[in-house]
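Now for the letters of each chain:
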Amino acid sequence: MIVVIDYKVGNVKSVCNAFNYIGCDVKLSCDAETIDKATGLVLPGVAAFGCAVGALGTLAQLIQQFASSGKPLLGICVGHQLLFDRSCEYGQNNGLGLVCGNVIPIPTGRVIPHMGWNLVEMPEDMDLFAGLSKAKHFYFAHSYYADVADKNAKIAYTDYGFALPASVQKENIYGVQFHPEKSGETGLKVLKNFAKIAERNNC
Amino acid sequence: MLTKRIIPCLDVKDDRVVKGVNFLNLRDAGDPVELGAGYSQTGADELVFLDITATIRSRKTIVELVEKVAEKVFIPFTVGGGIQTIEQIDELLRSGAEKVSVNTAAVENPDLLTEAARRFGNQCIVLAIDARRSKQKAEKWHVCVKAGSEPTHIDVLEWAIKAEKLGAGEILLTSMDADGTKAGYDNQLNRAVTDAVNIPVIASGGAGTLQHLYDAIIDGGADAVLMASITHFENYTIKQIKEYLAGRGIPVNL
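Residue numbers (my numbering), protein chains in the order written: chain A, 35 to 237; chain B, 14 to 267.
Think of the hints as simulated: they come from the structure by calculation, not from any bench.
These numbers were taken from a predicted model, which means no experiment stands behind them.
Keep in mind that a hint or two might mislead.
[Claimed, not checked] Pairs of lysine to aspartate or glutamate, DMTMM-like flavour, derived with a Cα cap of 20 Å:
1) A:Lys42 x B:Glu77
2) A:Lys42 x B:Glu84
3) A:Lys230 x A:Asp181
4) A:Lys42 x B:Glu128
5) A:Lys223 x B:Glu256
6) B:Lys73 x B:Glu104
7) B:Lys85 x B:Asp44
8) B:Lys26 x B:Asp41
9) B:Lys85 x A:Asp181
10) B:Lys148 x B:Glu171
11) A:Lys71 x A:Asp40
12) A:Lys42 x B:Glu100
13) A:Lys223 x A:Asp161
14) A:Lys42 x B:Asp228
15) A:Lys170 x B:Glu80
16) B:Lys85 x B:Glu47
17) B:Lys85 x A:Asp70
18) B:Lys85 x B:Glu104
19) B:Lys81 x B:Glu104
20) A:Lys105 x A:Asp161
21) A:Lys61 x B:Glu84
22) A:Lys204 x A:Asp181
23) A:Lys42 x B:Asp103
24) A:Lys230 x A:Asp70
25) A:Lys105 x A:Asp181
26) B:Lys252 x A:Glu219
27) B:Lys159 x B:Asp208
28) A:Lys42 x B:Glu80
29) B:Lys32 x B:Asp44
30) B:Lys195 x B:Asp228
31) A:Lys61 x B:Glu100
32) A:Lys204 x A:Glu219
33) B:Lys81 x B:Asp44
34) B:Lys81 x A:Glu219
35) A:Lys185 x A:Asp161
36) A:Lys226 x B:Glu84
37) A:Lys105 x A:Glu205
38) A:Lys61 x A:Glu233
Let the sequences and hints guide you as you build the complete structure.
In structure tokens, the structure reads:
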């Protein structure tokens, strides 16, 4: 069972809808026991970073525990940014510190937010992108991004006048800055891949 | 490279998609959920649903519609029409909308943009501007509110710049003069606004031919183009639109 963290902010339903649509057993929850039983955990996010941190509250510790159990964790958009050390969106806020790096503003000199479909170059060794061709379009909507500093992380980039990290993988920790639940068939394939990783891990 | 977005707009009245000319003379275009799912499957980049009744009764209906759409549509969609409070924005986002658009409420209470952006992030706060060309001055437009029924003295450019500072993450810019005419977008208006702000601008109102879409992107500087009549009544498919634009060198997600 995939558990999507319900932290009562923003559009968390779409992620559940997408997992339902691809035939996955999914539950929206903020209950410690349910999270503990999950084969895979998804941290969604449509909110400002600080607001998301505040809304997470004590759930943060549960997510960190889950991550250290070795079961797969997927952060989406702000959920992806929360995986990192800290962000400066509307003041300094600490993230979960699961992947090294800070969340910083997209450099000026271009339209911000970075909004719409951009091409992601996908390295072959990133499990989330298994079975997809080398580059695909995904839907982005953000003004800040995670500047990945972790030497042990694999990174997929998109071009927005600079190489913008679009996805990160560090052992069992996965993050996507784009919205797979809003990226049509390609996005659904990424969620299917995550579900497979969770299933495999459970065997 | 970021692609230009093709966005069909679904005006919803009494559970049906309708389309008018200059905001009047409505014509039925089908069921919103079916039409939305169809667009999602045929390659639209995004959808906009506008509740053009926006009454207390329709509030509940639109939340139910958002829930139904979100079960079938896996591309982003914006919901607008009569949204006034943070609580309404919260409810719509939680029901599955990716973004909400506000017009009248933001004009009456600009702090709404700031508060909404702080809470939900500015990427999901779309400012809708209904612009009417000034009869007195060339290249001047003023903002209209209440579904276009009420003109104000607010200058469109000044409002767009102010709204960006307040927290709007995107502007949905509709030319009321061009809307539904199929005579082309108002690209003087589009260019004036896209040059003035740094957030994405969706050009809206007047699409009739593929050339019009190209012109809104090249002459108007639009990041995305909104259309209704030319796709609802199947003059063009999304694929035809994208192939045409790609053939003329515009980056699209084909």
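Of the hints stated earlier, which fail here? 3, 5, 9, 14, 15, 17, 25, 27, 31 and 32
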